[in-house]
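With the hints as constraints, model all of the structure from the sequences given.
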Amino acid sequence: MPGKSGSISDIFADVLLNEVIAKAEYHVDMHAGDLGEILYAFGGYPITGDADRDRRGEALARLYTPRLIALYREASKLPPAAGSIVLEATRRGVVSILAESGGNGTLEEADVEVHL
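Going by the working numbering, the first residue of the sequence shown is number 1, and it counts up by one from there.
It should be emphasised that the hints constitute simulated quantities derived from the structure, not laboratory data.
Check before you lean on any hint, since a few could be wrong.
What follows is a set of in silico ranges between Cβ atoms, one per label pair, in the way DEER data are often shown [unchecked claim]:
{"no.": "1", "residue 1": "Arg62", "residue 2": "Leu107", "range": "19 to 29 Å"}
{"no.": "2", "residue 1": "Gly105", "residue 2": "Lys23", "range": "27 to 37 Å"}
{"no.": "3", "residue 1": "Ile38", "residue 2": "Lys4", "range": "34 to 44 Å"}
{"no.": "4", "residue 1": "Glu109", "residue 2": "Glu74", "range": "32 to 42 Å"}
{"no.": "5", "residue 1": "Met30", "residue 2": "Asp10", "range": "15 to 25 Å"}
{"no.": "6", "residue 1": "Ser5", "residue 2": "Val112", "range": "33 to 43 Å"}
{"no.": "7", "residue 1": "His115", "residue 2": "Glu25", "range": "13 to 23 Å"}
Here are the simulated DSSO-like pairs of lysine-lysine, each with C-alpha atoms no more than 30 Å apart in a straight line [as the list claims (entries may be wrong)]:
{"no.": "8", "residue 1": "Lys23", "residue 2": "Lys4"}
{"no.": "9", "residue 1": "Lys23", "residue 2": "Lys77"}
{"no.": "10", "residue 1": "Lys77", "residue 2": "Lys4"}
Cβ coordinates follow ideal geometry from the N, Cα and C atoms, glycine included.
Next comes the structure, spelled out in structure tokens:
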């Protein structure tokens, strides 16, 4: 778990989240599909219950991938899941989405264009 103590990765995650992302209005966590994954491009965001933040989260996700949106609710297994930087940023008041495009560790122009 990120924090001021623990591994260097835990400390880095804590600084990134609390000293950089938490000061932003918007945050996009860009992913490109790991080895063994071939994904349709999608955007995902946590439902917060705050109508304005939820509306802005949906709008940002739709800018990325208008055809496929994952809505995260507590206890859901859909990304962005519990413990993710997207969910933690959202809990700090930042409009944050997961943007996924690509797969299998390849670099395809169409997948890159989703992130531009």
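Right, here's what the structure says about each hint:
no.	hint	verdict
1	Arg62 to Leu107: 19 to 29 Å	holds, 25 Å
2	Gly105 to Lys23: 27 to 37 Å	holds, 32 Å
3	Ile38 to Lys4: 34 to 44 Å	holds, 38 Å
4	Glu109 to Glu74: 32 to 42 Å	holds, 37 Å
5	Met30 to Asp10: 15 to 25 Å	holds, 22 Å
6	Ser5 to Val112: 33 to 43 Å	holds, 37 Å
7	His115 to Glu25: 13 to 23 Å	holds, 19 Å
8	Lys23 to Lys4	holds, 18 Å
9	Lys23 to Lys77	holds, 27 Å
10	Lys77 to Lys4	holds, 28 Å
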